[in-house]
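So the sequences go chain by chain: X and L.
Heads up, our numbering is the position in the first sequence plus 1383, with the first residue counted as 1.
Heads up, our numbering is the position in the second sequence plus 7, with the first residue counted as 1.
Calculated from the structure, these hints are not laboratory results.
Be aware that a few hints might be false.
Distance ranges between label pairs, derived from CB positions [what the hints assert, rightly or not]:
1) L:Asn127 - X:Lys1429: 56 to 62 Å
2) X:Asp1430 - L:Phe351: 37 to 43 Å
3) X:Met1481 - L:Pro350: 46 to 52 Å
No residue lacks a Cβ here, since even glycine has one placed at the ideal position from N, Cα and C.
So the chains spell out like this:
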Amino acid sequence: MAPLQYLSPDWAFEAQKRLREQLTPEIMKYVTSSMVTVYSHCPDGKDRALFYKIVDGVFQEVSVSVGDIPNAEFIITGDYDTFAKISRAELGSRSALMSGKLKLKGNMVKALSLASIVDRLNKVLSEITCEY
Amino acid sequence: MSNDPFYIDHPVRVRAIQQEMAKDGIDVYIGSRLRTLSFVSDVFCPWRSYVVIPPEGLPTVYTFVIDAARVADETWLDEEHVLGFAPMGGQDQITLVAEKAAESLKGGKGRVGVEAGMSNYLPEGNLTYYEYEAFRAALPDAELVNALDIVDRVSMIKDQGTINRFREASRLVDIGQQAVMDALRAGYKGMTETEIGGLAAYAMRKAGSEWEWSFTGGNEIASGYRTGLAGGACTPASRRALQPGEPLMVDLHAMYRLCLGDHTHNYLLGPATDRQRWHAQNFVDLVALCLKTYKAGVSPSSLADEMMIFCEERGFAEYMVPGFEHGIGMLGDEWRIGRNDGPFPYWTNPDHVYQPNEMVICAIQYACPEEKIGFRYENPILILPDGCEAMSKFPLAIEEI
Chain X
1384 MAPLQYLSPD
1394 WAFEAQKRLR
1404 EQLTPEIMKY
1414 VTSSMVTVYS
1424 HCPDGKDRAL
1434 FYKIVDGVFQ
1444 EVSVSVGDIP
1454 NAEFIITGDY
1464 DTFAKISRAE
1474 LGSRSALMSG
1484 KLKLKGNMVK
1494 ALSLASIVDR
1504 LNKVLSEITC
1514 EY
Chain L
8 MSNDPFYIDH
18 PVRVRAIQQE
28 MAKDGIDVYI
38 GSRLRTLSFV
48 SDVFCPWRSY
58 VVIPPEGLPT
68 VYTFVIDAAR
78 VADETWLDEE
88 HVLGFAPMGG
98 QDQITLVAEK
108 AAESLKGGKG
118 RVGVEAGMSN
128 YLPEGNLTYY
138 EYEAFRAALP
148 DAELVNALDI
158 VDRVSMIKDQ
168 GTINRFREAS
178 RLVDIGQQAV
188 MDALRAGYKG
198 MTETEIGGLA
208 AYAMRKAGSE
218 WEWSFTGGNE
228 IASGYRTGLA
238 GGACTPASRR
248 ALQPGEPLMV
258 DLHAMYRLCL
268 GDHTHNYLLG
278 PATDRQRWHA
288 QNFVDLVALC
298 LKTYKAGVSP
308 SSLADEMMIF
318 CEERGFAEYM
328 VPGFEHGIGM
338 LGDEWRIGRN
348 DGPFPYWTNP
358 DHVYQPNEMV
368 ICAIQYACPE
378 EKIGFRYENP
388 ILILPDGCEA
398 MSKFPLAIEE
408 I
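With these hints in hand, go ahead and build the complete structure from the sequences.
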């Protein structure tokens, strides 16, 4: 498979496909939630938002938008480079948060209970071959 | 209306604070004192916590994330109004609290009430210098104002649910006192102060007490010379063994739904001397007089004057600490009486005039270091128009064992 452009519509389609295939509702603990990761300073100078909508453990939507940030239960903000490192498994999301490279908005207690699920999600995404 | 005798109408409490905020021109209140957390959230917050009170609507509690789920489980607030903080981007306490406070500030401008000052009580919870500066930096267009008087004045007169909780906490303390008395009568040889503290704790917890809440070491037990330390009103239990011929001071603390039991009973471990009995009789008579004197309209200074005249007449004034009270309220409110309106900032105003339904600990300390003897009396009392209700019903006496 040819490398996909990171955060392109094709990448988002592939991400949703893999997340649905690999992270079953059981693995996802039948969770219902939504999350946006906001990428500042993308290579083209724009900001992008990657939106995940999960209902009963099923990824119903994975989409990328430019400019407007969709509303979600959790909003994680950071530099494109930071997210790119996480997606390449060069940096753990937890350590990015603990060092302040990423900022989380949302209920911390709920976030803690979802942390392992996000780790699984990041692992799946890191396996997509892509260009940054 | 709840049938629970211990019910407290917290939304009414919050609205009372919000009304006072409006009067004082406070747009949003950041509470950080333990007493404020207890009063507003009705849950034990042992870790650094804050409560952000907007001008209308529900407050939001922020606490260390490791305890946030429990706090959310036990408070009357819903889980959307109890949030945890952690050392993570966007989740540290300054960011979260400042962001919430900013929601009540138009264009970031306005007056933010904070809790600053000082206290003799270590876990008081006033803002630290660092926190103050950090909130100031996070809210650059707002004015931070010390507003702790708002909660102090709203919490001074106790509602029925609070009073009933205090009664229950005192009932639990009396169970502890009875357990100690039974154990002493069964034979105290080899027992230590810590053991006395522990067996009382067991009896009180068995009966439902949540903990021996006092930061002074839980149950304060002193024997022998330790009872007579000059001016000594703080005696964390030591490993000292009880000895015949010595006094014993048993100061127990129980907690029921954040309301506090605090009662001290004293003993002479036989054989007692006539001189020890003289000291004991002085003390018992003074306590009885003090309890008879407490009522609405008296002040700490007027009461002290009256008591010290009695002590002088009986010839034991030099053994007295000339203060007969300490403050009490829901957990964290354990030091100053009334408001911060006295001549020495953040100390009790000696001319504070008691009002009906205020609560105070009737606290009396007698110490004769040279004779290695002393006694303490503490009992939560409810101020009434013509007297007071002593919450602990354990009979006033100094038993000889």
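Outcome of the hint check:
Checking the proposed 56 to 62 Å range against L:Asn127 and X:Lys1429 shows it holds: the Cβ atoms sit about 58 Å from each other. About 56 Å separates the C-beta atoms of X:Asp1430 and L:Phe351, a value inconsistent with the hinted range of 37 to 43 Å. Between X:Met1481 and L:Pro350 the beta carbons are some 49 Å apart, a value that agrees with the proposed interval 46 to 52 Å.
Checked against the numbered hints given earlier, this structure breaks only hint 2.
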